[in-house]
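Novice: Here are the chains, one letter per residue:
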Amino acid sequence: DGGITQSPKYLFRKEGQNVTLSCEQNLNHDAMYWYRQDPGQGLRLIYYSQIVNDFQKGDIAEGYSVSREKKESFPLTVTSAQKNPTAFYLCASSILGRHYGYTFGSGTRLTVV
Amino acid sequence: GQQLNQSPQSMFIQEGEDVSMNCTSSSIFNTWLWYKQDPGEGPVLLIALYKAGELTSNGRLTAQFGITRKDSFLNISASIPSDVGIYFCAGQSYFRTGANNLFFGTGTRLTVIP
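The listed protein sequences correspond, in order, to chains A and B. Position 47 (the first sequence) corresponds to 47 in the working numbering; numbering is contiguous. Position in the second sequence (first residue = 1) + 1000 = the working numbering.
It is worth saying that the hints were derived from the structure and are not from the lab. Computed from a prediction, not measured in an experiment: that's the story for all the values here. The beta carbon of each residue, even a glycine, is placed where N, CA and C say it ideally should be. Any given hint could be a false lead.
Unchecked claim - Straight line, CA to CA, 27 Å or less: simulated DSSO-like cross-link-like pairs of lysine-lysine: (1) 83(A) to 14(A); (2) 1051(B) to 9(A); (3) 57(A) to 1036(B); (4) 70(A) to 9(A); (5) 1070(B) to 1051(B); (6) 1051(B) to 1036(B).
Said to hold, decoys possible - Partial list, derived from the structure: chain A residues whose beta carbon lies under 8 Å from chain B: (7) 12; (8) 39; (9) 42; (10) 43; (11) 48; (12) 50; (13) 90; (14) 94; (15) 99; (16) 104; (17) 105; (18) 107.
This is chain A alone, in the form it adopts within the complex (with noise of 0.2 Å):
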């Protein structure tokens, strides 16, 4: 079955540490995105890439880094920088031209002790 992929669920990482998420997507999506979400808060979102090798900086880039070298792809490093990185982290894709919305993966949990 179709899908993305996010991996690890939960991910523990010590202070100071840069951590990266896995995203993966066998749709055939052309965009991808990462969201960060707060606990009761909303989506916001980091970092969008449309095409291969490209990506857009989103309204909170700061302190996170990505790459996208396949098209499947998209993994987000939480750098050091980054003040505040506990938070529920989900990876989403769409069909560029298409308005079906996005599909989203099932988060990864990221605790930074």
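Given chain A, put chain B in place with the hints provided.
Specialist: For chain B alone, coordinates are given in the frame of chain A:
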């Protein structure tokens, strides 16, 4: 980025009651979508609306695309415990080409008391 105004922010209801929530925007959208997020999971699409005035049902869920194209409503009838979660509205615009053309509401957190 733009966020849509969604209300209410949270609801506590008894099992069996009906639920209504709505979403408004200052911008016109061509597509309205409603997602549900279970605790600890990603949002899942419930209903998509593509035409002003459209009324669409999915089981106990009914959603409407407002005539002005600036609002949408979601109703849940006869709520059950598994309806618990956060409901997000989203508007998508044809006028924004490329990616990042979907804007989300702030969410309605639903609690169903058995």
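Novice: Look at each hint and say if it fits the structure.
Specialist: Right, here's what the structure says about each hint:
1. For the hint linking residue 83(A) to residue 14(A), the alpha-carbon distance of about 13 Å falls within 27 Å, and the restraint holds.
2. For the proposed pair residue 1051(B) and residue 9(A), the alpha carbon gap of about 37 Å is over 27 Å, so the pair is violated.
3. As the CA atoms of residue 57(A) and residue 1036(B) are separated by approximately 26 Å, the hinted pair is consistent with the 27 Å bound.
4. Of the supplied pair hints, the one linking residue 70(A) and residue 9(A) holds, its CA atoms being roughly 22 Å apart against a limit of 27 Å.
5. Restraint check for residue 1070(B) and residue 1051(B): the C-alpha separation of about 12 Å stays at or below 27 Å, so the hint holds.
6. This hinted pair checks out: residue 1051(B) and residue 1036(B) have alpha carbons roughly 21 Å apart, not beyond 27 Å.
7. At a threshold of 8 Å, the smallest CB-CB gap from residue 12(A) to chain B is about 16 Å, leaving the interface hint violated.
8. The interface hint given for residue 39(A) is broken, as the beta carbon of that residue sits about 11 Å from the closest beta carbon of chain B, more than 8 Å.
9. Taking 8 Å as the C-beta contact cut-off toward chain B, the hint placing residue 42(A) at the interface holds, the least distance being around 5 Å.
10. Interface hint status for residue 43(A): upheld, as the beta-carbon distance to the closest one in chain B is roughly 5 Å, under 8 Å.
11. Because the beta carbon of residue 48(A) sits about 5 Å from the nearest beta carbon in chain B, less than 8 Å, this interface hint is met.
12. Checking residue 50(A) against chain B by beta carbon gives a least distance of about 4 Å; that is within 8 Å, so the hint holds.
13. For residue 90(A), the suggested interface contact is upheld, since its CB lies about 5 Å from the closest CB of chain B, less than 8 Å.
14. Of the supplied interface hints, the one on residue 94(A) holds, with its beta-carbon coming within about 7 Å of a beta-carbon of chain B, less than 8 Å.
15. Given the 8 Å rule on beta carbons, the hint for residue 99(A) holds: about 4 Å separates it from the nearest Cβ of chain B.
16. For residue 104(A), the suggested interface contact is upheld, since its CB lies about 4 Å from the closest CB of chain B, less than 8 Å.
17. Annotation: interface hint on residue 105(A) holds; nearest CB of chain B at approximately 5 Å, less than 8 Å.
18. The criterion of a C-beta within 8 Å of any C-beta in chain B is met by residue 107(A), whose closest approach is roughly 5 Å, and the hint holds.
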